[in-house]
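**Q** Spelled out, the chains give:
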Amino acid sequence: MSSTTPIVSAADVVKTFGDIVALDGVSLEFDQGIVYALLGPNGAGKTTIIRVLTTLLRPDSGTASVAGVDVLADPKTARTRLGLAGQFAAVDDYLTGRENVEMVGRLYGMTSANARRRAGEVLEKIDLSEAADRNVRTYSGGMRRRLDLAASMVGRPQVLFLDEPTTGVDPRSRLDIWALIKELIDAGTTILLTTQYLDEADQIADRIGVIDRGKLVADGTANELKAKLGGDVIDLHLQADDCAAGLRVVAEIAGEDPSFDADLNMLTIPARDGVNTLMETARRLDENQIVPLDIALRKPTLDEVFMAYTGHTAEEVAKAPKNGGRGRRGRRTE
Amino acid sequence: MTATTATQQSDRAPGRLISDIAVLTQRNLLRNIRLPQVLLFSTVQPVMFLLLFTYVFGGAIGQAIPPAADGKYVNWLIPGLMVQFAVFGSGQTAIGLTEDLSKGVIDRFRSLPMARSAVLAGRTISDVFRNGFVLTLMLLVGFLIGFRWQTNLLGLIAGMAVALLFSFAFSWVMACVGLLVKNPEAVQAAVFLPVFPLVFASSVFVPTATMPGWLQAFADNQPITVTVNALRGLILGEDALEAGQTTIGQIFLAVVWASITLAIFVPLAVRLYRRTVN
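Order-wise, the sequence lines are chains A and B. At the far end of the first sequence sits residue 349, using my numbering, and the numbering has no gaps. At the far end of the second sequence sits residue 388, using my numbering, and the numbering has no gaps.
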């Protein structure tokens with residue numbers, strides 16, 4: 016495989032469900048050996064694009080390929096090269112962890128001996144060897160997620176698709192899953208994952224695509240995305256009495272209205288010249304006899320990035336009640 | 111990576127479809143073994159029907175049944191109940207499918223390089239085994255309360271085979287119901303809707319002779335009656351059938367009905383499966 020061919024690519028993918036436009040012309044591509052995170056709120060189209068790329072859903076128009084195989088023209092071959100762990104752990108409660116993984120191995124076309132050996136390897140890797148012969152019914156939520164990951168890895172896929180791998184798991188299991196993803200990358204697997212969490216994308220992704228309302232609105236490394244906002248920002252924490260004067264002062268420097276959090280008495284302003292802007296701000300505050308409680312120069316957060324590209328924060332949308340729970344997945348548009 | 115691909119390909123034998131079906135059949139059966147209480151509860155209903163009808167209605171209905179039943183209503187009832195619960199048991203196909211759909215298991219299967227039809231075939235075949243087990247338990251209770259075959263053991267075994275063929279065919283109907291309804295809770299009610307009138311407007315419990323003419327015409331020719339007749343011929347002997355009917359003839363009709371059902375509902379279920387999950 017030549018390194019110039021993107022391992023995953025999609026071009027102008029459109030998918031509608033009735034009146035709802037789930038994907039409104041999504042194009043993305045990336046190279047082998049990285050973690051690509053699709054970041055977006057519920058209903059943004061994350062799951063839909065994963066379903067297209069994993070051959071589960073035919074788009075209305077557009078093209079998509081995985082590991083050099085056109086998923087629309089040759090889904091059978093594509094399936095030999097990809098692994099999928101969906102939003103809900105698709106494991107059987109009444110089978111043991113080992114039986115679950117072995118079954119998927121068999122369905123990848125391995126002989127039972129090969130499937131057994133491979134299941135042992137994978138369970139070892141995800142640290143479930145001890146619980147492997149217990150019924151999955153006795154597993155915790157985090158263990159089920161890890162087992163689901165194991166099942167998706169058993170066929171040695173070139174590309175792994177993980178749909179919200181850490182949604183609904185406890186913080187410790189979340190760290191375990193992150194560690195596992197890093198290990199997989201080191202072993203040469205490429206991973207596309209979706210997440211609603213900005214910190215998750217920031218922590219584990221080499222590249223991030225911001226998706227909103229069926230469109231990819233930004234694409235790049237975390238630093239690139241932050242840089243597009245115009246560099247660093249200054250957080251300025253003031254006494255309540257100083258806020259009005261402070262706002263006036265920074266407005267002169269920033270040339271625009273700074274964002275102001277009235278609960279925290281916190282002003283945030285873009286620092287176009289980095290440290291110079293910081294020093295200028297400090298000087299002007301001093302001239303006006305305003306002593307800040309705290310002043311700091313920092314990189315913008317992904318939250319601010321998301322806000323800048325979509326006009327709303329990721330949390331705003333994500334806080335809306337999650338539809339359904341595990342039982343219902345009738346007509347999902349996400 | 112090249113080595114991996116090579117291993118995977120060498121593993122892929124021509125009998126891939128069969129092995130995929132076997133893997134999924136085994137998976138579905140394991141559930142029954144791991145959760146034996148569910149299987150035992152599934153036999154409660156047939157046993158309840160058996161006891162209630164034998165002891166509550168048996169005395170009254172017993173007068174109306176052909177002498178081939180040796181004067182015992184339970185002998186008449188057992189072949190009928192075998193077919194009734196062959197059909198009721200096939201409802202499990204719909205329930206199992208909707209559960210797999212709602213848990214995302216079907217998505218996992220569809221993302222694997224496996225034979226697509228194996229999901230439906232593995233489900234319907236495992237349900238045949240399951241129903242065979244339930245019917246056998248019901249027969250054992252039947253023996254305890256006085257059921258005896260009037261032909262020979264071979265007749266009973268052949269009767270069981272006909273009942274299970276019918277159950278397999280109906281499982282494909284139920285697969286369609288499951289794929290249309292999709293919701294595991296709603297499907298419980300949906301599977302009994304088409305089945306209940308069919309079961310009662312048949313010769314399962316009583317001979318059709320006392321029904322009004324229009325109903326009798328329907329009851330005599332519908333698949334459940336024909337299949338029950340085939341079983342009665344095999345288990346009780348040809349005298350249990352109405353004048354002009356032969357055991358072979360009724361078996362032939364039962365097999366024709368099952369074949370027609372399969373010919374319609376297998377392709378329909380496969381199409382619905384493709385559409386539902388897309």
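Among these hints, one or two may not hold up.
Now the in silico label distances, taken between C-beta atoms and shown as ranges [as the list claims (entries may be wrong)]:
id, chain 1, residue 1, chain 2, residue 2, range
1, A, G156, B, V166, 45 to 55 Å
2, A, R73, B, L378, 49 to 59 Å
3, B, E295, A, D214, 32 to 42 Å
4, B, I358, A, T31, 48 to 58 Å
5, A, R73, B, A271, 36 to 46 Å
I should point out that these hints are in silico values taken from the structure, not numbers from a laboratory. All residues carry an ideal CB built from backbone N, CA and C; glycine is no exception.
**Q** Next, verify each hint and record whether it holds.
**A** Checked hints:
1. A:G156 with B:V166: 45 to 55 Å: Holds, since G156 (chain A) and V166 (chain B) (Cβ atoms, about 49 Å apart) stay within the stated range.
2. A:R73 with B:L378: 49 to 59 Å: violated (20 Å)
3. B:E295 with A:D214: 32 to 42 Å: Holds: the Cβ-Cβ distance is about 37 Å, inside 32 to 42 Å.
4. B:I358 with A:T31: 48 to 58 Å: holds (57 Å)
5. A:R73 with B:A271: 36 to 46 Å: 41 Å Cβ-Cβ, so the 36 to 46 Å window holds.
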